[in-house]
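Asks: Sequence:
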Amino acid sequence: MLLVDSIAPNTIPAVIVRLRAWANARGWTKSRFAVEAGLRDTTLRGFHDDDWNPTREILARLEAVIPPDWQAGDPVPVSEAASEAASAGQAG
Numbered sequence: 062m063l064l065v066d067s068i069a070p071n072t073i074p075a076v077i078v079r080l081r082a083w084a085n086a087r088g089w090t091k092s093r094f095a096v097e098a099g100l101r102d103t104t105l106r107g108f109h110d111d112d113w114n115p116t117r118e119i120l121a122r123l124e125a126v127i128p129p130d131w132q133a134g135d136p137v138p139v140s141e142a143a144s145e146a147a148s149a150g151q152a153g
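Take 62 as the starting number for the sequence shown in the numbering used here and just add one per residue.
A couple of the hints might just be wrong.
[As the list claims (entries may be wrong)] Using C-beta positions, here's what the derived DEER-type ranges look like:
id, residue 1, residue 2, range
1, R93, A133, 12 to 20 Å
2, D112, P136, 16 to 24 Å
3, G99, W131, 25 to 33 Å
4, A86, W113, 17 to 25 Å
5, R101, G134, 12 to 20 Å
6, A133, N71, 27 to 35 Å
7, V96, P128, 27 to 35 Å
8, N71, V96, 25 to 33 Å
[Claimed, not checked] Using 16 Å as the maximum straight-line C-alpha spacing, the simulated EDC-like pairs for lysine to aspartate or glutamate come out as follows:
id, residue 1, residue 2
9, K91, E124
10, K91, D110
11, K91, D111
12, K91, D102
Don't read these hints as lab results, they were simulated from the structure.
We put the CB at the ideal spot given by N, CA and C, even for glycine.
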């Protein structure tokens with residue numbers, strides 16, 4: 062889990078890129094990502110905007126959802142992808 066104090070201001074743009082890549086790889090909407098992180102579904106209102114300016118606490122909560130070793134371009138872990146597919150099938 063990423064601690065709030067461990068996010069240096071100069072790394073925030075890289076963290077945001079990683080968060081967006083994770084949500085995209087999972088096919089998650091910004092609302093879904095927020096809920097998975099224990100945030101209100103409207104918290105990520107500007108998530109895809111270039112000028113999105115989240116707090117470090119929000120970044121840390123979102124980062125906590127992502128496996129620490131996952132990098133943009135990596136596939137979603139197989140066990141998680143299977144779980145997502147099963148959940149999507151039940152929701153429909």
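Asks: Tell me, which hint numbers fail for this structure?
Replies: 2, 3, 5, 6 and 7
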